[in-house]
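K.L.:
Here's the letter readout for the chains.
Protein chains: 2
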Amino acid sequence: MATRRRKVLNSPAIRRMPSYLHWLLRMRRIGKRTVSTTELADYMKVGWIVVRKDIALTGISGRPRVGYDIDRLIDAIRGFLGWREDHSAALVGAGALGSAILGYDEFAQYGLRIESVFDTDTAKIGSTIHDHPVLALDRLPEVFRRGRPEIGILCVPASAAQAVADLLVRNGVRYLWNFANVTLDVPDSVVVQREVIAGGFAMLSVKILADRAGGGRGGRFSE
Amino acid sequence: MATRRRKVLNSPAIRRMPSYLHWLLRMRRIGKRTVSTTELADYMKVGWIVVRKDIALTGISGRPRVGYDIDRLIDAIRGFLGWREDHSAALVGAGALGSAILGYDEFAQYGLRIESVFDTDTAKIGSTIHDHPVLALDRLPEVFRRGRPEIGILCVPASAAQAVADLLVRNGVRYLWNFANVTLDVPDSVVVQREVIAGGFAMLSVKILADRAGGGRGGRFSE
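Going down the list, the protein sequences come from chains B and R.
If you count by the numbering used here, then the first sequence holds residues 1 to 223, one letter each, in order.
If you count by the numbering used here, then the second sequence holds residues 224 to 446, one letter each, in order.
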């Protein structure tokens, strides 16, 4: 287990891609056609070398004095992330975090299509959150038989996460996006992306330490 | 702006620290005294070399055949993150995401002490979310005069984020944790940690692409 080979992902660069995309889509809407490395670096608050390296990952190169073609760059980022086609998903756990994810408009633009929402709380079942009807969790197998989503999004408490993961996997879901603070035990064929909200607090805390050590000169950090 | 020097942080390692800490605290509660690299790697779903490197950042080294002393490792991680002391915070935006953060018990364990919660929605003002009374945003200056928090947590819509950041900075907050999908324009002396939830979806999407390219052999990724 612990010694098997793993593909190492450049996760800071990958995590930045939606922010590039967000800004490029906005620039395109206001009629811009090209963008420079410097403009991207200013928006992203990273150095221009970071921007160059990030964009190189998508297979695009800029032209001197012209910069990047916005249409091509948008398409390249979408290709790099596999966002040229939609990803279907089911979300389990319609609490505060689940509601926040359902209300996040940008996901539709990125091709995340949440097709079904489940909960076990009878107070929530039958209600509608951001146009998504909340279904009883025990209806999941029946709903999936009519159309199985690619991705299962887990927004349940840590104590319920393993059972929900088992249910999703048993019903044919192979990609899990896990917001519960627990490592899921799943077959090797299942891909899990675990989100740890406290990870962001760890980042901020290290920046605070560095800022204090530097006499409070502020926000000069790249990730 | 774009060319100034920035300190490069090992953000994947920093983001993993709360997960190590979470698991070590749990192991200590069940009476364990030491832990091996292999156990940590199995829990974290990363290779043992990654674990060694992560822990080396905290200044701790393991002993052959014995492993890491859990008490010392917990203390070293807390020291590395600056979590030996509490961080005080104010949260602005008591919607779904704000409620999720207020409900996240683990933060108290990590020393994040949310002292005040603000919103502009009269339907929310006066209500209580996870024991936090929601105050009118225009009371912020008065509340901060009685005790200014270190950190401002922005859980407001993107369209409101800049104005809220300006208000926080004007009232003496220098550390911002920004969940709004927008780059904030703040003085150089202010440190911003921006969270992009779509960044996790980008990570999952790249893993899905890699999984498909590899014939669906599943979750062998390190970050």
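Treat the hints with caution; some may be incorrect.
Claimed, not checked - The list that follows gives simulated cross-link-like pairs (lysine-lysine, PhoX-like), each with its CA atoms no further than 25 Å apart: (1) Lys32/B with Lys53/B; (2) Lys276/R with Lys255/R; (3) Lys347/R with Lys53/B; (4) Lys124/B with Lys347/R.
For the record, the hints were derived by calculation from the structure and aren't laboratory data.
K.L.:
Compare the structure with each hint and give your call.
P.N.:
Hint check results:
Annotation: proposed proximity of Lys32/B to Lys53/B holds, straight-line Cα distance about 23 Å (limit 25 Å). Distance restraint check for Lys276/R and Lys255/R: the Cα-Cα separation of roughly 23 Å lies within the 25 Å cut-off, and the hinted pair is therefore satisfied. A distance of roughly 44 Å separates the Cα atoms of Lys347/R and Lys53/B; the hinted pair therefore is violated under the 25 Å criterion. Taking the CA atoms of Lys124/B and Lys347/R, the gap is about 20 Å. The hint holds against a cut of 25 Å.
The structure shown violates just one earlier hint, number 3.
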